[in-house]
Structure formats: C-alpha cells, structure tokens
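Chemist: Sequence:
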Amino acid sequence: MRRVAQVIGLPAEHREAYERYHADVWPTVLERITASNIQNYSIFRHGELLFSYFEYVGDDYEADMARMAADPETQRWWAVQQPLQRPLPERAEGDWWADLPEVFHHE
Numbered sequence: 001m002r003r004v005a006q007v008i009g010l011p012a013e014h015r016e017a018y019e020r021y022h023a024d025v026w027p028t029v030l031e032r033i034t035a036s037n038i039q040n041y042s043i044f045r046h047g048e049l050l051f052s053y054f055e056y057v058g059d060d061y062e063a064d065m066a067r068m069a070a071d072p073e074t075q076r077w078w079a080v081q082q083p084l085q086r087p088l089p090e091r092a093e094g095d096w097w098a099d100l101p102e103v104f105h106h107e
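The numbering of the sequence shown is full-length UniProt numbering, which starts it at 1 and goes up by one.
Keep in mind the hints are simulated off the structure, nothing from the lab. It is possible that part of the hints are untrue.
Claimed, not checked - Pair ranges (Cβ atoms, derived):
| id | residue 1 | residue 2 | range |
| --- | --- | --- | --- |
| 1 | Trp26 | Gly58 | 19 to 27 angstroms |
| 2 | Val103 | Glu31 | 27 to 35 angstroms |
| 3 | Glu73 | Phe104 | 30 to 38 angstroms |
The beta-carbon is built from N, C-alpha and C at its ideal position, and this holds for glycine as well.
Sequences are here, hints too, so could you generate the full structure?
Modeler: Shown next as structure tokens:
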C-alpha cells in the first residue's frame, strides 16, 4: 500500500462552490477512483489550502493514474474543479496538486 498526500490552494471566493461539489461527487468519478485502486480518499481544508490523502493499493500507480486521467468523466470533473483551485508553485512539473513527503507514520 502506498500513502499519498497532496496540497493545493483554494481561494476563499471558491470555497462554497468547491465544498458544494464535493458534498455530492458524481458517482462516475467515485467509481473511477475505486477502479484506480484508491482507497480511504479524503480532502481536508485549512483556510485557503486543500490537503488530500489516499491509499493506493494497486500494483502500477503510474498506469492507474494514467487511466484515470484518460477517463472522459474524470476529465469533465476536473474541468469543473480546476478553475476553483490554485496550484502551488512548488508542485512538480506537469502536476496539478503538489505531493507532500511523508515525515512520520505510525500504525
């Protein structure tokens, strides 16, 4: 299992719309997340930052993420969400959310 944590900006003027969308995520998006071997996916907000956490339980992370990115319904969802978000300058080239390093874990 691979733990993934990410961060992105959420301008205050977009908070209400973002949270409204995520209170009722499209079923096709949720199905794609599950089909991509993602479990325990959560998004938290702190001020103007969103923090996401999920557990990847598949065997080929890059291939599963590529299939998700190629999915038309996921692309449609992202097209609605991306204008609401503000990517951080520290993100890797080509990434939308910035990956966070794990500095501590205890089971």
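Chemist: Next, verify each hint and record whether it holds.
Modeler: Status of each hint after checking the structure:
{"no.": "1", "hint": "Trp26 to Gly58: 19 to 27 angstroms", "in the structure": "22 angstroms, holds"}
{"no.": "2", "hint": "Val103 to Glu31: 27 to 35 angstroms", "in the structure": "33 angstroms, holds"}
{"no.": "3", "hint": "Glu73 to Phe104: 30 to 38 angstroms", "in the structure": "36 angstroms, holds"}
No hint from the list above goes unmet by this structure.
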